[in-house]
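Peer 1: The sequence shown stops at residue 285 when you use our numbering, and every number in between is there.
Please note that a few of the clues may not be correct.
To be verified - Here are the simulated EDC-like pairs of lysine to aspartate or glutamate, each with C-alpha atoms no more than 16 Å apart in a straight line:
hint, residue 1, residue 2
1, 4, 32
2, 214, 156
3, 214, 166
4, 238, 152
Simulated from the structure, these hints should not be mistaken for lab results.
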Amino acid sequence: MSKAPIVVGFDGSDSAHRAVLWAVREAARRDVPLTIAHVVANVDTAQTQAHLWLTDATSAAGRAAPTVTTTTELLSGHVVDALVAASTRADTMVLGTRGIGGFAGLLTGSTAIGVTTRGHCPVVVVRSPGPQVPPPTSGPIVVGVDGGSADEATEWAFAEAALRDVPLIAVHTWTEGALGRGWDTVPYAPDFETLNDSMRGMLAERMTQWREKFPTVRLELATALDNPAHALVERSKHAQLVVVGTRGRGPVAGVLLGSTSHALLHHAACPVAVVRTASCRRPS
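Work out the full structure: start from the sequences and follow the hints.
Peer 2: As structure tokens, then:
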């Protein structure tokens, strides 16, 4: 049975070029093929430019990782719909942050947001510290761990850390709400250090099954009184990849991406992997 490919969306932009290079190196690491996909509204009227772009991207991929089997695919229709459909047969979908016409340094574009929201496999958006700066290739992998049930993201992060032989930092944040209602009216200061130790213990327990499954991964636990989006964006400045799930706790859990994933896609300093609950395919 053939291995599912990594699929990378390509539109000729600088951001897409960086995504292709990230994707082909990941394909080499996993020993899977790479598919470079371009989407046009009408195949009949846009074939020439599309094929030039795909040829250029294939050449760049071949130079970066000559051993990877690379194919191209010209898709038609709405770009998000076409890439979401392609994600059903992909190991992982890889995207740049903004397409042609996007201004350098602005937020992640609607295509990346749409595909990460609806994709059927893990989706990596290749962010970097700056518009003309390549994504980092060193540092740990960081995974956000909340109190929900998004174990798929945690497993994917462990598998990726094992594949790359790099440390994994599991980050869990908590807020003053963890103290319960009325904590701010009591006549003594809450013991935040004790509470943080308790949160760390719960995080360690949560990681037990993954430590047993991936014994070679060097795991670091990080807990803090902080907003999860802020904590993970800060961690991204020293990481090569941040991994998050799409579902958290609360009444709007699972609606769109959630504030943490959304913030990371806009502000992280390294690539961000979004792993949807119930659609995980862990790295080969």
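Peer 1: Compare the structure with each hint and give your call.
Peer 2: So, going through the hints one by one against the coordinates:
no.: 1; hint: 4 with 32; result: 9 Å, holds
no.: 2; hint: 214 with 156; result: 9 Å, holds
no.: 3; hint: 214 with 166; result: 15 Å, holds
no.: 4; hint: 238 with 152; result: 24 Å, violated
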